[in-house]
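K.L.:
Heads up, the final residue of the sequence shown is numbered 1023 in this note's numbering, and it's a clean run with no missing numbers.
The hints are simulated quantities; they were obtained by calculation from the structure and are not laboratory data.
Ideal placement from N, C-alpha and C gives every residue a C-beta, glycine not left out.
Be aware that one or more of the hints could be misleading.
Pair by pair, the computed Cβ-Cβ distance ranges are [stated by the list, open to error]:
| no. | residue 1 | residue 2 | range |
| --- | --- | --- | --- |
| 1 | Pro687 | Gly632 | 49 to 55 Å |
| 2 | Gly459 | Arg664 | 40 to 46 Å |
| 3 | Gly632 | Gln969 | 25 to 31 Å |
| 4 | Arg1001 | Ala538 | 29 to 35 Å |
| 5 | Cys797 | Asp670 | 52 to 58 Å |
| 6 | His1020 | Asp972 | 55 to 61 Å |
| 7 | Cys819 | Ala617 | 47 to 53 Å |
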Amino acid sequence: MRFPTALAMTATLTATTVALVPAAASAHGGAPPLGPTATGYGGAVSTVDPTATAVGLDVLRRGGNAVDAAVAAAATLGVTEPFSAGIGGGGFFVYYDAKHRKVHTIDGRESGPATMTEDIFVDPADGLPYDFAEARVSGLSVGTPGTLATWEAATGKWGTRSLGSLLQPAAQVADRGFAVDATFRQQIADNAAPFAQFGSTRELYLPGGAPPAVGSVQRNPDLADTYRLIARRGTGVFYRGPVGADIVRTVQHPPVAADPAAPWAYPIRPGDLRLSDLANYRLRFPAPTKSGYRGLTVYGMSTPSSGGTAVGEALNILERTDLSEVSMTQALHQYLEASALSFADRNRYVGAYTPQPVLDRLIGDRWARQRACQIDPAKALTKPVPPGDITASGCTPARVGGKVEDGQSTTNLTVADRWGNVVEYTLTIEQTGGNAMVVPGRGFLLNNELTDFNFTGTQGSAPDPNLPGPNKRPRSSMSPTIVLKDGRPFLAVGSPGGATIITTVLQVLVNRIDLGMTLPEAMAAPRASQRNTAAVQAEPAFIAQYGDALGRLGHTFQPPVAELGAATAIEFGRGGRLIASAEPARRGSGAAGVVHPRR
425 MRFPTALAMT ATLTATTVAL VPAAASAHGG APPLGPTATG YGGAVSTVDP TATAVGLDVL
485 RRGGNAVDAA VAAAATLGVT EPFSAGIGGG GFFVYYDAKH RKVHTIDGRE SGPATMTEDI
545 FVDPADGLPY DFAEARVSGL SVGTPGTLAT WEAATGKWGT RSLGSLLQPA AQVADRGFAV
605 DATFRQQIAD NAAPFAQFGS TRELYLPGGA PPAVGSVQRN PDLADTYRLI ARRGTGVFYR
665 GPVGADIVRT VQHPPVAADP AAPWAYPIRP GDLRLSDLAN YRLRFPAPTK SGYRGLTVYG
725 MSTPSSGGTA VGEALNILER TDLSEVSMTQ ALHQYLEASA LSFADRNRYV GAYTPQPVLD
785 RLIGDRWARQ RACQIDPAKA LTKPVPPGDI TASGCTPARV GGKVEDGQST TNLTVADRWG
845 NVVEYTLTIE QTGGNAMVVP GRGFLLNNEL TDFNFTGTQG SAPDPNLPGP NKRPRSSMSP
905 TIVLKDGRPF LAVGSPGGAT IITTVLQVLV NRIDLGMTLP EAMAAPRASQ RNTAAVQAEP
965 AFIAQYGDAL GRLGHTFQPP VAELGAATAI EFGRGGRLIA SAEPARRGSG AAGVVHPRR
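Build the full structure now, drawing on both the sequences and the hints.
P.N.:
Structural data, given as structure tokens:
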């Protein structure tokens, strides 16, 4: 996160946009610091980064709506959070239209090349799947980016400003720069070896052969130029023109440095993404997933995301128990068990081409009863649990299991405006640092999203829904979620974190709705993630507070992880009052703000 204490923020009004420009080297003046929680009226923004939040708020203050602010903030995150998101990636956009009281979604997920085969991640030399690092840092892992198309469609359908005007603030941030913080530096340090393989990446993120110092100014004039080129000439320069040609060249001929500054254990393989793949890319606009929970209506993202179905199924399972009437230990036991069951079903049945009747069944109350009946309040199920038999009735599991998925990167933002419109948007380039290749002269990293496919079958003799295929989109765990109460927004929440996104969103919802926490408390509470693994992944504070009691029920824990997720959220109260919430500590803390602190 880049904190404005190291920045002086000035607003410059132009004929087309208001550009919020950080004066990078200054430590004085400008906008007041943004914290993890803000309460007020007239609109709100929550992101992982204060510069992006400030840009979004400025758009709202100048009369833009939630879509305008979300796109401007997302473009800024492409500058300040480049290892998690940007125009080289994709994502899922969920929008509540206040005028028509309807939820819409945009599937901007990356798609594989038309030539992609099921065995793309299998080494022809020995018939074994590539190691993850070998597959990731290659042209093989790059899917056709959908982020820019998402911004164009969202602003065209629901926004009030042109995409070109909304790219200008981010371009100015890229030109002027921002102060490097410890998180930014550490993300580069963690990627030092793969970044060192490519001249374009090394030049931008390893100046002098090392990560930039904390407090130094990070600029990206190439990205500023790319944004301005798109603003002038439209997205065609990306999908059918010179930027797209540079993407294809990077994938097919990775820009490997003649003198890599660090060793790399694998050959860097080219991919087969073509300009025709970019030109033929199409967004999808699926109906959102929809389920009821304790009198609320929960909307999420449909396939190729598994987030909507997995969160919905787990909530339906949990609804069999009144969590507000049981002990905290029992509530967390139920949460962990419901998570494991929903992940078992997700791994078995959910992929890009899962038929709608199967999705409807997974998110239905009847299916939840079939799964909830397996939970024993006194004893944890043996993990991994098998998935349910989609063709059967009664409390009967199927016979095959599935692999566990991990992931680290992604970012999320939540925006509301004075008219009641809401955006929940999760965007990503997959792994922190994507595939490690900066497109030469363009300033953005490419995604490694195709490694979200299973490299080989994971379901025994049963079909695997998440194997690669031509033009196919890999399964995602992104879970942008909007919750309505009596037809109006009550809560919007989302998070990064790979497969832990699902459990992070689910746990925030349970904390807020069932366990009596305020939204900031629900966000700050220690987290655990049970993704149908033998042992639970959890933060140190969770293990310290609840590990012994849950251990007596049979739960075991992996070595603790420093943090799970980096959520953003907004709660909608009476009289237009908004509570915007970001992380108080995770990922260096986030930034939330409101347009008017008081009426």
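K.L.:
Compare the structure with each hint and give your call.
P.N.:
Going through the hints against the structure:
{"no.": "1", "hint": "Pro687 x Gly632: 49 to 55 Å", "verdict": "violated (19 Å)"}
{"no.": "2", "hint": "Gly459 x Arg664: 40 to 46 Å", "verdict": "holds (43 Å)"}
{"no.": "3", "hint": "Gly632 x Gln969: 25 to 31 Å", "verdict": "violated (44 Å)"}
{"no.": "4", "hint": "Arg1001 x Ala538: 29 to 35 Å", "verdict": "violated (50 Å)"}
{"no.": "5", "hint": "Cys797 x Asp670: 52 to 58 Å", "verdict": "holds (55 Å)"}
{"no.": "6", "hint": "His1020 x Asp972: 55 to 61 Å", "verdict": "violated (46 Å)"}
{"no.": "7", "hint": "Cys819 x Ala617: 47 to 53 Å", "verdict": "holds (49 Å)"}
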